[in-house]
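So the sequence lines, in the order shown, correspond to chains A and B.
Under this note's numbering, the first residue of the first sequence carries the number 4, and numbering increases by one thereafter.
Under this note's numbering, the first residue of the second sequence carries the number 226, and numbering increases by one thereafter.
It is worth saying that the hints were derived from the structure and are not from the lab.
All clues stand as given, with none of them false.
Residues on chain A that point at chain B, a partial pick, calculated with CB under 8 Å:
| hint | residue |
| --- | --- |
| 1 | V102 |
| 2 | L103 |
| 3 | D179 |
Positions of the beta carbon are idealized from the N, C-alpha and C atoms, including for glycine.
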Amino acid sequence: MKNIDIKRLLYTHLLCIFSIILSIFIPSVFLENFSILETHLTWLCICSVFVTAVNLLLYVVVKPSASAKRSSLSYKVTRFLKCCIYFLMSCFVFHVIFVLYGAPLIELVLETFLFAVILSTFTTVPCLCLLGPNIKAWLRVFSRNGVTSIWENSLQITTISSFLGSWFGAFPIPLDWERPWQVWPISCTLGATFGYVAGLVISPLWIYWNRKQLTYKNN
Amino acid sequence: MRLGCGAFAAGCVAVEVLGVALFLRGFFPPPVRSSSQPAPPAAPEPSAGASSSGTKLLPPLFGKVVVMLIDGLRDDFVFGSKGVKFMPYTTYLVEEGASHSFVAEAKPPTVTMPRIKALVTGSLPGFVDVVRNLNSPALLEDNVVTRATAAGKRVIFYGDETWVKLFPKHFVEYDGTTSFFVSDYTEVDDNVTRHLDKVLKRGDWDVLILHYLGLDHIGHISGPSSPLIGRKLSEMDSILMRIHTSLQSEEREALSPSLLVLCGDHGMSESGGHGAASLEEVSTALLLTSSAFSRKPGEVRPPERVQQTDLAATLAVGLGLPIPQHSVGRFLFPVMQGRAMREQLRFLHLNAVQLSRLLQASNPVYEREPGFEQFKMSERLHGNWVRLYLENNNSEVLLNLGAKVRRQYLGALKSLSRAVSSQVAQYDIYSMVLGTVVVLEVLALLLLSIPQALGAAAELEVPLSPVCSLLFYLAFLLLWAMHVVVCTSAERSRYLCSLTWPMAGGVLALVSALLCGVLSALTRTCVDGKLLRRNPTPSSWRWSELDFLTLAGTAGHVLSLGASSFIEEEHQTWYFLVSTLCLALCHESYRACFLGEDGEPRHCSSPASALQDRSVSCDVLELDQACQSPSSLDGLGGREKYMALASPWLVLGCCRLLRSLNQTGVQWAHRPDLGHWLTSSEHQAELSILSALSLLAIFALVQSRCSPLSKGALALGLLGVYCYRTATGHLLFPWQQDSKDLSRGIIEARFVYVFVLGILFTGIKQVLKSQVLTADVQAKTVGLWDVHSALVLLAALLFRPHNLPVLLCSLLTQTLMARFLWRPLGHGAAEVTIMHYWFGQAFFYFQGNSNNIATVDISAGFVGLNTYMEVPAMFLTAFATYAGPVLWASHLVNFLSWEPSSDLALGRACFCYALLSSIPVSAYIVLVTALRYHLFIWSVFSPKLLYEGMHLLVTAALCLCFTAVGRSSTKADTGRIARC
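Here chain A stands alone, though its shape is the one from the complex (with noise of 0.2 Å):
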């Protein structure tokens, strides 16, 4: 049952890593001149989009939460109408946290908005995905030994590696190396990514690799 579980969640994050490629490949055939590094904000859209899509595809279709027991469809329009307020409010949380890092204030509004998009893409919208707006749930799975299944364990595992991968992003800003990447927020944006395709790669993997001392309290 187990190794089905772990080839399921090998397949969706593939899907994940493909839509990524995707959206450096597909807007090149419409837009002229479209360069990740050049027009940098209307990558970060594209590919925010895709992940989401690609996310909420596999929400439908593969659905590794329990469903829930009341299906009305109020209560789903509720829930997703207060998924999307999380998001936003990620997003805008995002933002404070990356001003308070020492982003400008001022300027560049917009570019540091878009980072603080594509981090909530990449993390936010997997949980609410998985987990629903439930914030108790969301500090039990980040929490040590609260994950109770290998969904909830990769879901850990790629925003873990998504933040590092942001953080480990503004590292180059400060060399005086003089590359276009160098710029903020290229460099933490492309960092995200790179740390969400990281996690998306290793999770299937570790889980396999821990498979016989992994015991969550359910299974």
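Add chain B to chain A, keeping to what the hints say.
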């Protein structure tokens, strides 16, 4: 013999300071020159056999010399588009007038004082000169100004006060303007220009030196592209025109021509600062104008690149003075072009002889230098030429030979000058290696004793076994043999070899003793490890995220020191780490708050030493205490719980605010920041309000834990701080509308000093009393807090007014963190120490410091002092610079003395503090040794090395204080236990 780990750590750091001092002595060897050495007589003119008449000095080329030095005059301000636009007269001189223009290259550090020295002595001031001469005492080295005064020339100076300090008795007339207030760029120059008319009319002088500061100040305020620059350049152009026309009209009366020199001391980076080695900072304009220079009409002379040091030799030759002994420059030959061949050759010979003497003094194998060989050959040719000349052979042969000799001489001068310049930086590798060995041994000792120091007893065994002493003697003998071999085979002077043998023996004994200590610690660790493997005890201690962060942060910071950009922008590293630390604390407090009940009992696991080994966590005593203390957020009331949730965000907000208060570093230093906004003269009212509010808030934060007596003293002291700043004109009183004349605020500052000393005295008295007489913990905490508040008061006095919010935020952060995070979450001594250390480092940069010498605020050393007094000024400057780390360390002592077993905690804290600051120092020393031929070694790495050395010294002092306090509390605890 057993030793408490605090005392052990303090001893280690003290030894490490010795090691670093030895390393620094080897890294910055003082230049090989002696000021007392009499000048050698002028070399006679070479002539084969016959004694010639040319031993006398040559007559001066110019009757009068005016040096117009414009601070920060970059080359493109004169020769570039700006020059064409704003300096029409100068451009005319450059393009058509009788002038020679050069781009003079300044050597880093491109700071005014060393550059002035380079201009007048022609030597390259060593890097240490910058530090040694922060107060610029009189220049004792051989230089043009001293020579001119000695030769009876009358020298007049107007401009930057630095000159007056360098040459206190040399000028017949002077008016120094202070360069303290960078925001003023009109008055500093008007102060110089107002004397011009009088002086130019009078004409009873030989040398006139003008030093204009305004341009550099504009650069500092608004950068080289500001519109103010253009206006200033036009002003300078008109002044140049005035001087030039006046000189020309005077020349018609006098016979000898005069020389006008326009030069800059250093350039200006694109952000407007200077000090480093970028092309914009080292390229300065140099323009020599005299009617003696001939120029064919229409001749285009693009500015040639020369060295700044060449000007000293040129001025000496121009005034008919001997070239300064230590000058490494060659005189600017175009100046001589119109003269007779014999004179030309004579001057070239004099310069070459001076350079070759310098080379002989600094290089034992000087004969092998190509420049020296060239010089000998040209001297021989010169002799032949003189003989031919004396035979009155006026043929074509003489002319051709002369031209050949001249060419030879110019080549020789070039290579000699290069050889001598490269001789300046010679590392004393032997001292460096021994210093590094000491530092590394201390680090190894500290690292190996981590398990014991953070273990239950926090005590260490001092190895005194016979095996150890045997090892010691062996190592000592070996080292002594090595020392003898090194010293006897030395080509160059080595510092350790020049010491008396007991001193050198002491150093070697220290090295071998440390080696024995390291080896015994190593064997002990191995034995312990084996024992532990045989009967492994289940370890209850787990790594928390915070421990990971602190370890990774420390390691990352050490690694980052390898890149010059990361050193320049080190503040970013600390801001980043501190922000991350706040977020980690936030995460922890949220988890403790919301999942407190089902989270694992983290607070009762051994008190969290990030550096603690897994093997030593059987720490029963500590465990008990940690569990007994009400150390969970559940114990807090509702309001306090919310504060615990909000305080990380408040701290983050504070940090963000402070980050935009002072932009430091290099890349973003030009960004507008709140500090500049506040210090500009239009916003004095805002600055006054902000300072008053900050002082009030500081009082509110500090007073609650003070003794009543010091509470009053603190209030009066803070009032005195405000009065002092109004007296110096930084701040305003609401009722004082008209600006009255400014005093230096001596009385007010001394008034504050009295209160500082008073509070310090009561605090120390309380601590001593609690230590000796009554084992009263309460009295001791109050006493320690009094000491802390005295330090806060002193910092408030010394900080610039716009930096008072830094002090306020530091106190606020300390209060919030201690009350709502560290104490409720039950962090151990080691973790708390690491966090204090990080915050201390971050606040060091929040104050506006950087790894550049230029940001040290020297004015703090003059607060309340009438004249420059070396020791108090040094102490005050050091305190003002390191106020952030010192205040955080003193808060650490206060925080830990509040805890139940404060002696153990203080010992551990002292150990961690010592370890934390010695890891970067040791790594950095090794790194600098490896990178000693790096391009940025003088501009980036050396200042950082000095900062690291100073930081280690401060740490050593702090560790001693820690140990002293810890000692007293040991007695207090034993007293308490006895009572129980």
